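Take a look at the letters that make up each chain.
Number of protein chains: 2
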Amino acid sequence: MSDSLETPLSKVKRGPNRASYDKELALEIIDAALMCHVGQTKNGQVFVTPTCHWREGDYFYWHAHSKARNVKGPIDEPEKVCINVSLLDGLVLARSAMHHSVNYRSVTLFGVPELVEEKEEKVRQFELFLDKVSPGRWETLRPVSDIEIKATGVVRIKIEEASVKFRGEPPIDDPEDYNWPVWAGVIPLERSWGEAQTDPQQNENYPAANTPDAF
Amino acid sequence: MSDSLETPLSKVKRGPNRASYDKELALEIIDAALMCHVGQTKNGQVFVTPTCHWREGDYFYWHAHSKARNVKGPIDEPEKVCINVSLLDGLVLARSAMHHSVNYRSVTLFGVPELVEEKEEKVRQFELFLDKVSPGRWETLRPVSDIEIKATGVVRIKIEEASVKFRGEPPIDDPEDYNWPVWAGVIPLERSWGEAQTDPQQNENYPAANTPDAF
Numbered sequence: 001m002s003d004s005l006e007t008p009l010s011k012v013k014r015g016p017n018r019a020s021y022d023k024e025l026a027l028e029i030i031d032a033a034l035m036c037h038v039g040q041t042k043n044g045q046v047f048v049t050p051t052c053h054w055r056e057g058d059y060f061y062w063h064a065h066s067k068a069r070n071v072k073g074p075i076d077e078p079e080k081v082c083i084n085v086s087l088l089d090g091l092v093l094a095r096s097a098m099h100h101s102v103n104y105r106s107v108t109l110f111g112v113p114e115l116v117e118e119k120e121e122k123v124r125q126f127e128l129f130l131d132k133v134s135p136g137r138w139e140t141l142r143p144v145s146d147i148e149i150k151a152t153g154v155v156r157i158k159i160e161e162a163s164v165k166f167r168g169e170p171p172i173d174d175p176e177d178y179n180w181p182v183w184a185g186v187i188p189l190e191r192s193w194g195e196a197q198t199d200p201q202q203n204e205n206y207p208a209a210n211t212p213d214a215f
Numbered sequence: 001m002s003d004s005l006e007t008p009l010s011k012v013k014r015g016p017n018r019a020s021y022d023k024e025l026a027l028e029i030i031d032a033a034l035m036c037h038v039g040q041t042k043n044g045q046v047f048v049t050p051t052c053h054w055r056e057g058d059y060f061y062w063h064a065h066s067k068a069r070n071v072k073g074p075i076d077e078p079e080k081v082c083i084n085v086s087l088l089d090g091l092v093l094a095r096s097a098m099h100h101s102v103n104y105r106s107v108t109l110f111g112v113p114e115l116v117e118e119k120e121e122k123v124r125q126f127e128l129f130l131d132k133v134s135p136g137r138w139e140t141l142r143p144v145s146d147i148e149i150k151a152t153g154v155v156r157i158k159i160e161e162a163s164v165k166f167r168g169e170p171p172i173d174d175p176e177d178y179n180w181p182v183w184a185g186v187i188p189l190e191r192s193w194g195e196a197q198t199d200p201q202q203n204e205n206y207p208a209a210n211t212p213d214a215f
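Those sequence lines, one after another, are chains A and B. Going by this note's numbering, the first sequence opens with residue 1, and the numbers climb by one from there. Going by this note's numbering, the second sequence opens with residue 1, and the numbers climb by one from there.
It is worth saying that the hints were derived from the structure and are not from the lab. Just so it is clear, the structure is predicted and the values come from calculations on it, not from any experiment. Keep in mind that a hint or two might mislead.
Which copy is meant is left open, because identical chains are indistinguishable; a pair holds if it fits in one copy or across any two.
Quick list of in silico lysine-lysine cross-link-like pairs, DSSO-like style, CA-CA up to 27 Å [what the hints assert, rightly or not]:
id : residue 1 : residue 2
1  : Lys11     : Lys150
2  : Lys132    : Lys23
3  : Lys13     : Lys23
4  : Lys158    : Lys23
5  : Lys13     : Lys80
6  : Lys80     : Lys42
7  : Lys119    : Lys11
8  : Lys150    : Lys42
9  : Lys150    : Lys122
10 : Lys23     : Lys150
11 : Lys122    : Lys11
12 : Lys119    : Lys23
13 : Lys158    : Lys42
14 : Lys11     : Lys132
15 : Lys42     : Lys132
16 : Lys80     : Lys23
17 : Lys132    : Lys122
18 : Lys42     : Lys23
19 : Lys80     : Lys11
20 : Lys119    : Lys158
21 : Lys119    : Lys80
22 : Lys150    : Lys13
Model the full structure from these sequences, guided by the hints.
Encoded structure:
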């Protein structure tokens, strides 16, 4: 059993039988997904912003234009944001409408974003991000410029207050419904990387980039 | 040009060149996705909850246990929630780290949730939901019971305040980088429904359920 991420805030109120606070499991789901949804408020109004994330150790990172809402916000007014990372894994088709569900993996994180400001550290984080998106690609790219480093905000939260919810099993019907004459089961959602589409503006032939393990 | 969903709140501040307020486009993206992320606050803390959604006409629907956070909340204190629907379509791999991106379709909606309370209307909405998840399945299921109808909350917002953001093109590099010796282009993310996994507790053979057009 690894560290627990349970706190009064991260404790799951609904469907606690599908909840976990196991840190290793949370990290695994975070790494398996490319995108997350960041929730925060501005003048009392909630906003949800989809963005790509990466992780190093116990920290969850995302980036945006230095002036974007989900980077600038935390400087204006420290707020505990809520971030959800979800992967839909399949449809769960039961014998009654009520017991239909989906199989999924989901992590909900809470934390006050910290801005990463030190230049070398920002560049190191860009490299880790690129490495997640396309392993080995960083070294082959035109190096980053000072202007680009300044223009890109990097923020992180420590992964210490979170919950995991997951479902990965056949439908669970009411006992008296198992003989209802209809197919029941799971239809898995499959993800894969398709054929690389070379930029039409590219004249030379180079081997296509590596694809990530995350989706 | 269809109706515009632009309001001061839904107006996109960052990357307005990728923004649209076209209602038809928003509806198309909403229908293409099975899952959304609902953002709302409770006692000043923001929460982001992934859930499945469906649509009828100008209304965006979701459901949850009658006592769940994203159904009960709106009754306690009317709040304009923010809902994001996103589909990741591919990796955009440029010649510099800075111009890496993703292709995606995304809709951000705002609205005060209304609870659907009338029994027949709730059942009609369950049917529309099932029809999205597995066309034609509703009629084959064990009919819903009164207890199930009571236990399932249905909420909706009118689709009238929203923005669309999308990207669906090759990388756009700085002009001087186009000869940098590295592959650049798009790697599309492909989704498909895998082989149906029959419930191990099923003894009879029935044809597997239909799969949805949404992912």
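Would you list, in rising numerical order, the hints stated earlier that this structure does not obey?
7, 10, 11, 12, 14, 15
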